[in-house]
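Reading the sequence shown from the start, the letters are residues 2 to 149 in my numbering.
The hints are simulated quantities; they were obtained by calculation from the structure and are not laboratory data. Worth double-checking, as some hints may not be accurate.
[As the list claims (entries may be wrong)] Below, a list of computed lysine to aspartate or glutamate pairs in the DMTMM-like style, where the Cα atoms sit at most 20 Å apart:
1. Lys23 / Glu76
2. Lys23 / Glu39
3. Lys23 / Asp41
4. Lys23 / Asp59
5. Lys23 / Glu4
6. Lys23 / Asp77
[Claimed, not checked] Label-pair distances were calculated between CB atoms; the ranges are:
7. Ala104 / Ala124: 10 to 20 Å
8. Glu76 / Asp16: 10 to 20 Å
9. Glu32 / Glu56: 12 to 22 Å
10. Gly96 / Glu32: 31 to 41 Å
11. Val31 / Asp58: 38 to 48 Å
12. Ala42 / Leu119: 34 to 44 Å
13. Gly57 / Pro144: 14 to 24 Å
14. Trp122 / Glu56: 33 to 43 Å
Quick reminder that beta carbons are idealized off the backbone N, C-alpha and C, glycines included.
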Amino acid sequence: MPEFHAAALRDIPSDVLYRILKLRVDVFVVEQDCAYPELDARDLEPTALLHWVAEGDDVLATIRVLHDRPAGSGEDRRIGRVATAPHARGRGLAGELIRRALADCAGRTIRLDAQSQLAQWYAGFGFAPDGPEFLEDGIPHLPMVRPA
């Protein structure tokens, strides 16, 4: 049975954190063939929150919620690093993590940069396009926002 978790980086056991970061590297760097600094130091921000779902020792999916610096107010949130292990896809795990993050961010504007092929999926959670499509690491992305 999957177990859902959320914690600041400092509160995550080192073996679990390793599995979360490995999943992100496996998906974004290896599977999507994007050589970029996955470890960007934003996980270290005191307000950063990692959500993940695990079965036993296996981390199946993860997302990250940040205070959105570009907004300047500290009130907006940013969801990113949404990743699901290939063997766990199709189970609705990332969607449940998104729903939990939205509940944690109630009353806040939430932004994300969706891979363009996932824009409709994010729209199902109330996100709408918020600017022109752009390329990031060779992958089309669309900025999206979910108003408070």
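The hints, checked one at a time:
Restraint check for Lys23 and Glu76: not satisfied, since their Cα atoms lie roughly 30 Å apart, outside the 20 Å limit. Taking the CA atoms of Lys23 and Glu39, the gap is about 10 Å. The hint holds against a cut of 20 Å. Taking the CA atoms of Lys23 and Asp41, the gap is near 14 Å; set against the 20 Å cutoff, the hint holds. For the suggested pair Lys23 and Asp59, the alpha carbons sit about 11 Å apart, so the restraint of at most 20 Å is met.
Of the supplied pair hints, the one linking Lys23 and Glu4 holds, its CA atoms being roughly 18 Å apart against a limit of 20 Å. Distance hint between Lys23 and Asp77 is unfulfilled; the C-alpha atoms sit about 28 Å from each other, more than 20 Å. Separation of Ala104 from Ala124 is about 19 Å and conforms to the stated range, judged on CB atoms against 10 to 20 Å. Judged by the Cβ atoms, the range 10 to 20 Å given for Glu76 and Asp16 is violated: they are separated by roughly 34 Å.
Between Glu32 and Glu56 the CB atoms are about 20 Å apart, so this pair conforms to the stated range of 12 to 22 Å. A hinted range of 31 to 41 Å is violated for the C-beta pair Gly96 and Glu32, which are about 19 Å apart. Hint check: Val31 to Asp58, Cβ distance near 20 Å, so the stated range 38 to 48 Å is violated. The hint said 34 to 44 Å for the Cβ distance between Ala42 and Leu119, and at roughly 25 Å that hint is violated.
For Gly57 and Pro144, the hinted distance range of 14 to 24 Å is not satisfied, since their beta carbons lie about 37 Å from each other. For Trp122 and Glu56, the Cβ-Cβ distance of about 23 Å falls outside the hinted range of 33 to 43 Å, so the restraint is violated.
When each numbered hint is compared with the structure, violations occur for hints 1, 6, 8, 10, 11, 12, 13 and 14.
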